[in-house]
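Note that the protein sequences, when read in sequence, are chains A, B and C. As numbered in the numbering used here, residues 1 to 305 make up the first sequence, in order. As numbered in the numbering used here, residues 1 to 356 make up the second sequence, in order. As numbered in the numbering used here, residues 1 to 355 make up the third sequence, in order.
For the record, the hints were derived by calculation from the structure and aren't laboratory data. These figures come from a predicted structure and were not determined experimentally. For every residue, glycine included, the Cβ atom is placed at its ideal position computed from N, Cα and C. One should not assume that every hint holds.
Label pairs and their computed distance ranges (CB to CB) [said to hold, decoys possible]:
#1 B:LYS102 / A:GLY262: 53 to 61 angstroms
#2 C:ALA237 / A:ILE292: 44 to 52 angstroms
#3 C:ALA115 / B:LEU264: 54 to 62 angstroms
#4 B:LYS271 / A:ILE3: 56 to 64 angstroms
#5 A:VAL281 / B:ALA260: 54 to 62 angstroms
#6 C:VAL25 / A:ILE292: 22 to 30 angstroms
#7 C:ASP10 / A:SER160: 39 to 47 angstroms
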Amino acid sequence: MDIWQAVLITVVTAATPLLIAALGELVVERAGVLNLGLEGMMAVGASCGFAAATLSGSSLVGVLAAIAAGAALSALFALLVLGLATNQVASGLALTIMGLGLSGLIGAGFVGSGREAIPPIRIPGLSDLPAVGRLVFGEDPFVYLSLALAGGILWFLSRSRAGLTLRSVGENHTSAHALGLPVIQVRLLAILFGGACAGLAGAYLSLVYTPFWSPGMTAGRGWIALALVVFASWKPLRVLFGAYLFGGATVLQLHAQAASLGFPSQVMSAFPYVATIVALVLMSLGRRKAAIAPGSLGTSFVPDR
Amino acid sequence: MKTVLKIAGALAIVAGLAAPAAAADKLKVGFVYVGPIGDFGYSYQHNQGRLALEKALGEKVETTYLENVPEADSERAIEQLARTGHKLIFTTSFGFMEPTLKVAKKYPNVFFEHATGYKRDKNVATYSAKFHEGRYVQGVIAGKMTKSNVIGYVASFPIPEVVSGINSFMLGAQSVNPNIKVKIVWANTWFDPGKEADAAKALLDQGADIITQHTDSPAPLQQAEARGKLAFGQASDMIRFAPKSILTSIVDHWDDYYIARTKLVLDGKWKSEDTWGGFAANMVNMAPFTNMPDDVKKMAEDTEQAIKSGKLNPFKCPVYDQEGKEVPCKGNGALSDEQVLGMNFYVKGIDDKLPK
Amino acid sequence: MRLELVPRGDVSPWARALAPVAAVVAAILIGGLVVALMGRSPLAAFQVYFVDTLSEDWGLQEMAVKATPLLIIAVGLSFCFRASLWNIGAEGQFIIGALVGGILPLYTAGTEAGAWVIPAAMVLGALGGLAYAMIPALLRVAFGVSEILTSLMLVYVADLTLDYLVRGPWKDPKGFNFPQTVNFDATLPYLAEGGRLHAGVLVGPALALLAWFVISRTLFGFGVRVAGEAPKAARFAGFSANRMVIAAFAISGAAAGLAGIVEVLGQIGQLKPGISSGYGFTAITVAFLGRLHPLGMIFGALVVALTVIGGESAQIALKLPLDLTRAFQGVLLMCVLAADALVSYRVRLVTVARA
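Based on the sequences and whatever the hints tell you, model everything.
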């Protein structure tokens, strides 16, 4: 396997959990809800996914458990912000604190055990093609799923009727309600979807990326995923670009270090963050107006009857 | 119905147990960890030491730990232990040094033990382990086993312990293979499995065929296993994570030290001192040597034995720095303890720069 | 089946004040149940977690010390959040404040420099935080770049900058090359014997008072409120949106920077990596827990501080795992938020969909 293909495969692995979590959050935010609990939901997804996969011996069961766990935690968030109209920012942060704690309690019994990573897909012939075989035809299933997810969400938001409803709810919940759209129900489904994605992203960490569980293994990826949604101006394909840019910058700086270019390691480690800011500035140079967030983002909705 | 019964039972317990049971006659020993005990690395091993202490002296001691204590916020955590009757408190990370000293001044009757620091007081002792002895053995093995002559080193932060580890590894490797190259990636974290895995992949992609690490998670090891390359484990025996590619692990072994120090308190003989032990003191162990031919195994065992018996010092003079200048020899035929404990230079042959 | 919220209209201040108490009670019931199921005594847990901390002089002092950086940052952030600006990089501004403010005590350590170092360092710290907050503010004003992303990314950059300095140029020459500066001579004095209540704890309430005055009594405060609640009206009334971005970020950056240097001078006494245990992020919770109201934020900061200290006590006295105390912290915060909502709304369970 030549080095470029190997490097790109590493980039794909680094980007995929960010991409999955960010895509889920994008749908939530397009429905007008800000869920800052990504880090907590990912952590619970990672521990539940690993625990279920180990106990059942099946990776698929692990993945499903992680999805369910992420969705369950997001249901609690939905109860607070939709049912009781609590402040979304504070509720999301509280969810993160609770999620990190829960993840530790669930995973405690699994410290020190590892498992085989979910293997990459092999298509005879295609996966062995020179230069691109492994990269294009030999990734793990999550990678293809994340790409399908990006495409599916793009189609859903821009082409489907339900997507239009979701966007109207996010842009202006008052007029959406006046039009008879079920604001709360739409938001509930969006939040559950976001939670499921976060759980799935967590499962990617503990079942593919580094197949073991340990506390704090999300290491801030939930926050980066949140930032990527903003980076993408709430557009699915731009999330894809952002996740791969960030993953690429991370891997690039590690390679630059291994090649000992002589910069202080702190400068190299700061590179992905600075690169993301610079990229966003460059992208906004061409535009006159700022990227606009969904109109109702972060505000509670209480219908007056 | 079952839960109702459980709750009723719990309430019944409450009625009789409103005040926590006092165990006044037992010596209370406290531990403060910088990471989670589930890291399966540094803090995990300290906690194994605590458990060993409970097992050995369970009749006479009661132990408590606080995990994941942020360094800047640790003074309160340490004081909480001191004011709740703990008479011996182990603070197990360098960043706890100043907070430990501050609390110790306020509680002159409590004994403190600070790991990896250099400041002591009447009631503050220090202890650390000569991890670099294990690194030297690793270097010898790597020097023998590598085919590409390139070793990948996933490092955390450039503190002396890590730098002396890199140097010791290099000296060990050079002793059997003069052409060896070490590539270093600083992850700038002790624990981020994903980033550690990416660092290991980058090193493997750049031609390394053996990975060693001074970060805490088993992720780099797993990457080596997945690529069919070789690797070393860190802090605990990590063989379960890479049975086919692990060569050995450096195991932090605090059990004996914790038991010995606690016994001293029980006997009223504790005094402040500095302990810096390696193989000989049983504070650093090598996990079984695996996945290597017998002659390499023999060589590794001999090296370990030579260091243990004092015949071999990893930093025996002459030591040359990166520019090829001889480092002043301030110890007895080897670099002095101070030179190793405060190490901030690389030895000859390492192609990386340290922040000055 | 669904929940329906009915606004209660006028809410008595008593109800507002009692809501958090009810929330704590609810959280205690939930937590107590879990503790009981684990076979430990819920009463003992309650005693250790709440009563001991709140009834002892030492516990109260520690609570104030822990709450101080949270409160100072939250007060500053409330200006941003009121104006609907999302500064989530207070953590970075905190670190840069500590670092810039730390220059003076660092270079005067071991000299005869007088007490002027402390106020000067605090001013510098605030300016440092302010300057760092200007990066996202100016990027937003000039290029329309979202402040959420830039402020968050700059947290990591600030962290690495501090890391570089204390490992490189600023490290203690006698410190065996460990990452730390020398111990500062200039530190804030203690206010009481035996505890760690340092003079910096006075900064929080003073700032809260000042913020209350500015928000409710000045034209600028009015502008901040209007900018958040009715941006179009604000523009109509002649408040420049761009100037509001700069001003709100300047205030919150300066406050975070001040918190950073106060924490260093009052609690830590030197610069080293990890001087913040996530204060900049936790302060966001505090700000909203207190509904962005100065009094409320004092309460919010104290609640968070209590959960940290109480959690430690529970780990020590009852050997409960850290993760359980953390999960409980989340539950408690959720209960406080929910109680606050229940004061404003009546919740009705509607079982049949409306026709």
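If you test the structure against every hint from before, which numbers come out violated?
1, 2, 3, 6
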